[in-house]
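Engineer: Throw the hints in and build the complete structure from the sequences for me.
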Amino acid sequence: MTTNKRMNAGLPRRTVLTGMAAAGAAALMPRRIQAQEQITLRWWSPQSSPEQLAAYKTQIANFEALHQNVKVVFEKTSDEGYAPQLAAAFASGDVPNIVTHLPSFAVSNYWRNGLLEPFNDVIEMIGPEKFYDGVNRIYEIDKGQYAGTSIGNSAANVIWLRKDLMERAGIDKNPRTWDELLSACAAMQGGGIYGAPLPYGRNSMTTLIFIGVIHQAGGMVFSPDLEVAIDSQETRDALEFYKAMRQYCPPGATNYSWGDSLTAFVSGACATGIYTGRVLINVNNQNPGIADHVTCDTYPTKSADIAPWTFNDFPSVFIPKAAGNMEATKQFAAFLYDPEGYIQQLHAAPGHVLPVLSTIAEMPEYQNNPIIEKYSAEVDKMAAAAANGFNLGWESTAHKPNVKAGEIVNSGVIAEMVQRVVLNDENVDTVLGETAKRIEEIMAG
Amino acid sequence: MTAIATNIPKSATPPLERAYARLGVLLIAPTILVFSLVIVYPLLAAIYLSVFSIYTPTLQGGFVGADNYIELLTGKAFWNSLKVTLIWTVGTLTLQIVAGVGLALLLHQNIWFRSLARSLVLFPYFLSTVVAVLVWKWLFNDLYGALNQGLMQLGIIDMPLDWLGSMPNAMIGVILVGAWKFFPFVVIAVLARLQTIPENLYEAARIDGAGPIARFFDVTLPQLRSVLTVIILLRAIWDFKEFDLLYLLTGGGPVTSTQTLSLLVYQEAFGLNQMGQAAAYSVGMMLVMLVFMVLYIRQTKEKNA
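As given, the protein sequences belong to chains A and B, one line each in that order. When the letters of the first sequence are read in order and numbered with my numbering, they come out as residues 1168 to 1612. When the letters of the second sequence are read in order and numbered with my numbering, they come out as residues 19 to 323.
These are calculated hints, taken from the structure and not from any lab test. Some hints here could point you the wrong way.
What the hints assert, rightly or not - Pair by pair, the computed Cβ-Cβ distance ranges are:
| # | chain 1 | residue 1 | chain 2 | residue 2 | range |
| --- | --- | --- | --- | --- | --- |
| 1 | B | 308 | A | 1255 | 21 to 31 Å |
| 2 | A | 1529 | B | 60 | 55 to 65 Å |
| 3 | B | 61 | A | 1547 | 56 to 66 Å |
| 4 | A | 1255 | B | 230 | 34 to 44 Å |
| 5 | A | 1410 | B | 168 | 50 to 60 Å |
For each residue, glycine too, the CB sits at the ideal point set by N, CA and C.
Structural biologist: This is how it looks when you write it as structure tokens:
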């Protein structure tokens, strides 16, 4: 018996039997216990440019190196598609462990419906003192409880300008008011170049940009107590301005969303743009010929006595309550702010997502980036604007958090209002009355 | 003797027949089970959901009775989307049939590279909708689109046209893309039927002095009638519930000019998180489609008879 000979030669029979018993017991062990040894975390984000994906890869690799039983899987979503995907995930209970870069107003809605894990532990792990003042305030929907936190700041509606075209048109300063902007667009439009790529599509960009325009007219969508306040003279002024700008926008702007608007400026087809700091890296990579001529500013307002209003969607990090492996998930959420990976993520599109930790913003590793160095004035301007930024979930410091903001944006009711007045030339009073009623219904629903 | 045989009580059915009957039930049971799971259950679930007000992410909510149906009947949204759906369906289907029959007639002739042409004509149908939409959006693009550039070079237009962002261009645009994407289905079905029409019918028509047009209307078209009816009904059902092509091309805009019922249901369920109202719209949509289905079933029954 060859086997017995081997046994006799190597291991005693008792040892072999013990080993077999142990192997059998391991095979019969409940899968749940085995699963604790090897963990998979799922990470969702709508931000997934190649540079950002490379940064995420670094962050994942660094975390996995520290926690060898953890595997992190990144899954893409999109700005227009996250709502249905998350709705399906929540409804089925098959949720990701961590979601990043969604606007804060989406998070507040999920929080109010009991779908999210409190984020206080993660903020403690990161160090609350490291955050800029007020960054976490927007996530404190209920007193003392944080629904998530910001992974960055963004200034989504700054105006981008071509200095060379301004000079050629005899414009010596950035437009501060709507009248100045209209004159500048009229002067710069021509020779195959349009004035501006404002969005008029039935999508979230039109909604979010136009909410900014209402504020730039001195108005608001809701009063601080969240009464619907959109049916106002300021909104009428905003619609009139938006209509006046239509002649300076490309014909297809009626269907523009974020990507189209960005490309229209970066390609050189428009003299002005409206977007975040992603413009900087895109111009340098895709159209370096204009890279030395671009600058940005806060978007003009109706008159100089109205302060600029910057749209900051406070790109978020949050954890669904139904996510498994909560301890590892929270550790990973905190690890996203580890300097090496976080700075690489910020550098993926310098100026697009701005740091929320003062400790990171001050680091030479963050500052030493060719784009940030070249456009330091623009990056500083965007950082200052974003720090004072708001969105529909939180229209001003006086406003209560609006947990229905996400549904109002996703309903498209504000974009439809713009289209009906600007494109269809419908009666403003009728459209505004109907829009206000529909928003009231969503708030009541 | 026959009378005696028919009066045999049921219990006296031969054991072999009873065994066959049991086997029959057993064999059909998996099919019934699968149908119940994938068709009956979702159908009943949709009807059940439609009498509740339900928040989509949690699927929690309260009973509201007929409120969702009252909103469907009295609100503008459903009727507007139904009108849009009918315009889209009739428009794209008409083009599909005209282009499909025309090309099938052409490919039935002895032309050069017929085999290659028959293969290539299927290309749009096999192409993923996302890819097709990307290509068409590029073609329609106002700044770089080949369509606008071509029309301007030909001197037909001075400035680029806004193909997908204004009416009626947006509806014309989606109808054209829909027709391009789905007409190969008509070509395949019609071509198959054309190849089975007996040649002697054409010979007889020629002897009677019929020209090409007369032969088409008096021989070809009557022979295609049955297959065309089935194609029209099937394509009408599929076009009626088309979602991805319209969603990706226009998102339902401008305003709600291209928002079909499928897009309305999606918007209600996932934009507004109102699954109950969305389910009510779905049930309404299903009832409209039922008309097409009844016609289709009648047609196939007649054909089988």
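Engineer: Check the following: the C-beta atoms of residue 1410 (chain A) and residue 168 (chain B) are separated by a distance inside 50 to 60 Å.
Structural biologist: 31 Å, violated
Engineer: If you check the beta carbons of residue 1255 (chain A) and residue 230 (chain B), does the distance land in 34 to 44 Å?
Structural biologist: Given a distance of about 55 Å, which is not inside 34 to 44 Å, the answer is violated.
Engineer: Verify the CB-CB distance for residue 308 (chain B) and residue 1255 (chain A) against the hinted window 21 to 31 Å.
Structural biologist: 27 Å, holds
Engineer: Between residue 1529 (chain A) and residue 60 (chain B), does the C-beta distance stay in 55 to 65 Å?
Structural biologist: 56 Å, holds
Engineer: Lying within 56 to 66 Å: is that true of the beta-carbon distance residue 61 (chain B) to residue 1547 (chain A)?
Structural biologist: 59 Å, holds
Going down the numbered hints, you'll see the structure goes against 4, 5, while the others check out.
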